[in-house]
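In case you want the letters, here they are:
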Amino acid sequence: MEETFNKILERYESEDGNLISLLQDIQGEFGYIPEEAVYWFSEKLDIPPSRFYGVSTFYAQFHLKPRGRNIISVCCGTACHVKGGSKIAERIQRELGLSGEGETTEDRRFTFEVVRCVGACSLAPVVIVNDKVYSEMTVDSTSKLIKRLVKEEEGAGR
Amino acid sequence: MQEDKLRKVVVRVCIGTGGLAAGGKAVIEAFKKAINDFCVDAEVDFTCHYQKVGCRGFCARDVLVDVVDRGKSVTYQGIKPEMARRIVLDHLINGKPVEEWLIDDSYYAFHEKQKKILLKDCGTIDPEDIQAYIDVGGYSGIKKVLSEMSPQDVISEIKASGLRGRGGAGFPTGLKWEACRKEPGDIKYIICNADEGDPGAFMDRSIIEGNPHSVIEGMLIAGYAVGSNHGYVYIRAEYPHAVERLRLAISQAMERGYLGRSIMGSDFSFNINIKLGAGAFVCGEETALIASIEGQRGMPRAKPPFPVQRGLWGKPTVINNVETLSNVPYIIRNGAAWYASVGTEKSKGTKVFALTGKVKNTGLIEVPMGIRLGEIIYDIGGGIIGDRKFKAVQTGGPSGGCIPASLLDTPVDYESFAKVGSIIGSGGMVVLDETDCMVNIAKFFLEFTQAESCGKCVPCRIGTKRLLEILDRITKGQGREGDIELLEKLSNDVKLASLCGLGQTAPNPVLSTIRYFRDEYEAHIRDKKCPAKVCKDLLTFYIIEEFCKGCGACLRACPAGAITGEKKKPHRINAEICIKCGACFDVCKFNAVRKD
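Protein chains in written order, with numbering that gives the first Met the number 0: chain A, 0 to 157; chain B, 0 to 595.
Errors might be hidden in some of the hints.
Unchecked claim - Result set (DSS-like, lysine-lysine): computed pairs, CA atoms no more than 30 angstroms apart in a straight line:
#1 B:K119 x A:K143
#2 A:K143 x B:K464
#3 A:K143 x B:K588
#4 B:K24 x A:K150
#5 A:K131 x B:K594
#6 B:K548 x A:K146
#7 B:K455 x A:K150
#8 B:K579 x A:K146
#9 A:K146 x B:K594
#10 A:K131 x B:K24
#11 B:K579 x A:K143
#12 B:K314 x A:K143
#13 B:K567 x A:K146
#14 B:K588 x A:K146
#15 A:K143 x B:K548
#16 B:K548 x A:K131
#17 B:K594 x A:K143
#18 A:K143 x B:K359
#19 A:K143 x B:K24
#20 B:K532 x A:K143
#21 B:K566 x B:K528
#22 B:K7 x A:K131
#23 B:K359 x A:K131
#24 B:K455 x A:K64
#25 B:K566 x A:K146
#26 B:K79 x A:K146
#27 A:K143 x B:K566
#28 B:K7 x A:K150
#29 B:K24 x A:K146
#30 A:K64 x B:K7
#31 B:K455 x A:K131
#32 A:K131 x B:K566
#33 B:K535 x A:K146
#34 B:K532 x B:K548
#35 A:K150 x B:K579
#36 A:K143 x B:K7
Because the hints were derived from the structure by calculation, they are not lab data.
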């Protein structure tokens, strides 16, 4: 882990205002912001850990807990909402056995998230799996999609 | 054969947001493969140029593909990768375009009432090639500015054009620039606000993805006018394609000498940095955005001082939205009078809207200011899906309101929208029909603003929370007499007392839905009924026996196991197990499942 920290530190331009970029870089490497990283960088850069915590909890992009291998997001922007986005979100939670947004399955295969508009409103409602956008979804097609993803993960033995 | 050897074919594929999601990249690959396969076999020889273009607007018909052959261009709609082979075979080899896949009348109707200034180049030039932008007149604006205009000339020109901020507030752009120019100091900043956070709006993303150089040129001109040598683009990290295109565009502009030191041999220098937003709606607010670039929590502060006085790092700063900046090169190129000839007295030029929701033709449209709302929904949008009844159009996102059917004659301009209790905002237009519940819509927006409130000031932090709680209980059938009046009072208090634009506008969706749809609120509170049949706590699902064919579709669709019944015999829903998800209602082909 420390090796990666050093790599990130090399890329870091020590100028005011780069804390967010640093956090983005850390999350890019680890998928979340590990506690160790906060203390390590805090010491190296002489920035109090409280500032790391303050900034990383303010922005929706940062995660303080590890996430699943696959991120399934449902868009709940206005256009998706009026076309049934919340029903789709409910169904995904049910299929994955999760009780709320931002949760990860115990086997760390899937994390379920709700996002606020991805700007694909003409294709509403949309579901995003990792980076792929699935458009004009229904509860039924979402259910099939999730079942297929679960099967693929099982098949790959991950 | 001689003629064929010289034959040049262009396959132009939309890879805007919609095009990509609909499989634009796969379509290009499929064309490459099909042309390779067939043309070797059939000994047909031509050179094919694959052109990727940004959003062409009509996202409902994606993927849109132009095939240009022997100077004649035709457009196909709804193209999937597997369709490429037939187009290549019939059209390019046998010379007969595939009629049934060509665009139809609705495509022309969609475009007839639009006026494209910004989006004209968006769907035709390759956004990854600076030369494509230069070929259509790109960077001639900055050239003109540097060679024959003083900074004050530029400001006068922008003022004369009547351009107003397209991010929401509609502040005159020229005045903003002038105020910043007048501030003392050598260091000033230009910030392009690309933190497009309104749900239901995607025009800034489409402009950056489709025509990134127009934004860069706009920033350059702003920099020259204001006396700034440094620009930032604050863009959402959720828009990876836009970020990628912008980076590429900046590096190409550097190479060509449009960015950097002594631009085009003048003594004007300008650089642009990209800052990625990290997902906070409030950062669309100017002072919060500045805090975020400075690496802080993105919390707004009281104004004045305004950013043009004390902005980024305490220096005078102009913050303009993407669409605003993208307009600038076109104004300089064609003159203020040309721009001001479009639009109304106080709202000049065009506005880009994201037309979505329950209209037939969804997509990105650009219309002259002053067009009637009804023209957008019925002529451009083609009316309501399934020919259901139009109910309202929600404009301006979480800061806006709902405009009902009786006001479809409202002209689209800043003042008229304000008069009917909404705003143009960044340009989201979500069309609602009779199956949408207005209380639910108000609750949806309050959920959003309540979650996005930064928490700094009490009226917004606690006020939005209380508003949401009241709306929530109304939709659950626990509304009380007096709730409507309480909502109105609280809304006005939050508007008056909040620190920034987020809180000052957050109650708008509540106020405008009460204003035009008070009866729906009353039905929820007094009769415990949701007239649009959306609020699930007020609904029961049941099956009408004589309509049920016993096909079992609902039984298979039910995720809760609440439906029982033998094949070919009427099924039943057990109300105690039913989670009211509506899956059975959606799958029933015989109209046997009802909700009430």
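Status of each hint after checking the structure:
no.: 1; hint: B:K119 x A:K143; verdict: violated, 40 angstroms
no.: 2; hint: A:K143 x B:K464; verdict: violated, 36 angstroms
no.: 3; hint: A:K143 x B:K588; verdict: holds, 19 angstroms
no.: 4; hint: B:K24 x A:K150; verdict: holds, 27 angstroms
no.: 5; hint: A:K131 x B:K594; verdict: violated, 35 angstroms
no.: 6; hint: B:K548 x A:K146; verdict: holds, 28 angstroms
no.: 7; hint: B:K455 x A:K150; verdict: violated, 46 angstroms
no.: 8; hint: B:K579 x A:K146; verdict: holds, 22 angstroms
no.: 9; hint: A:K146 x B:K594; verdict: holds, 28 angstroms
no.: 10; hint: A:K131 x B:K24; verdict: holds, 12 angstroms
no.: 11; hint: B:K579 x A:K143; verdict: holds, 20 angstroms
no.: 12; hint: B:K314 x A:K143; verdict: violated, 54 angstroms
no.: 13; hint: B:K567 x A:K146; verdict: holds, 28 angstroms
no.: 14; hint: B:K588 x A:K146; verdict: holds, 24 angstroms
no.: 15; hint: A:K143 x B:K548; verdict: holds, 24 angstroms
no.: 16; hint: B:K548 x A:K131; verdict: violated, 38 angstroms
no.: 17; hint: B:K594 x A:K143; verdict: holds, 25 angstroms
no.: 18; hint: A:K143 x B:K359; verdict: holds, 26 angstroms
no.: 19; hint: A:K143 x B:K24; verdict: holds, 24 angstroms
no.: 20; hint: B:K532 x A:K143; verdict: holds, 26 angstroms
no.: 21; hint: B:K566 x B:K528; verdict: violated, 34 angstroms
no.: 22; hint: B:K7 x A:K131; verdict: violated, 34 angstroms
no.: 23; hint: B:K359 x A:K131; verdict: holds, 25 angstroms
no.: 24; hint: B:K455 x A:K64; verdict: holds, 26 angstroms
no.: 25; hint: B:K566 x A:K146; verdict: holds, 25 angstroms
no.: 26; hint: B:K79 x A:K146; verdict: holds, 24 angstroms
no.: 27; hint: A:K143 x B:K566; verdict: holds, 23 angstroms
no.: 28; hint: B:K7 x A:K150; verdict: violated, 46 angstroms
no.: 29; hint: B:K24 x A:K146; verdict: holds, 26 angstroms
no.: 30; hint: A:K64 x B:K7; verdict: violated, 54 angstroms
no.: 31; hint: B:K455 x A:K131; verdict: violated, 36 angstroms
no.: 32; hint: A:K131 x B:K566; verdict: violated, 38 angstroms
no.: 33; hint: B:K535 x A:K146; verdict: holds, 26 angstroms
no.: 34; hint: B:K532 x B:K548; verdict: holds, 24 angstroms
no.: 35; hint: A:K150 x B:K579; verdict: holds, 28 angstroms
no.: 36; hint: A:K143 x B:K7; verdict: violated, 44 angstroms
Going down the numbered hints, you'll see the structure goes against 1, 2, 5, 7, 12, 16, 21, 22, 28, 30, 31, 32 and 36, while the others check out.
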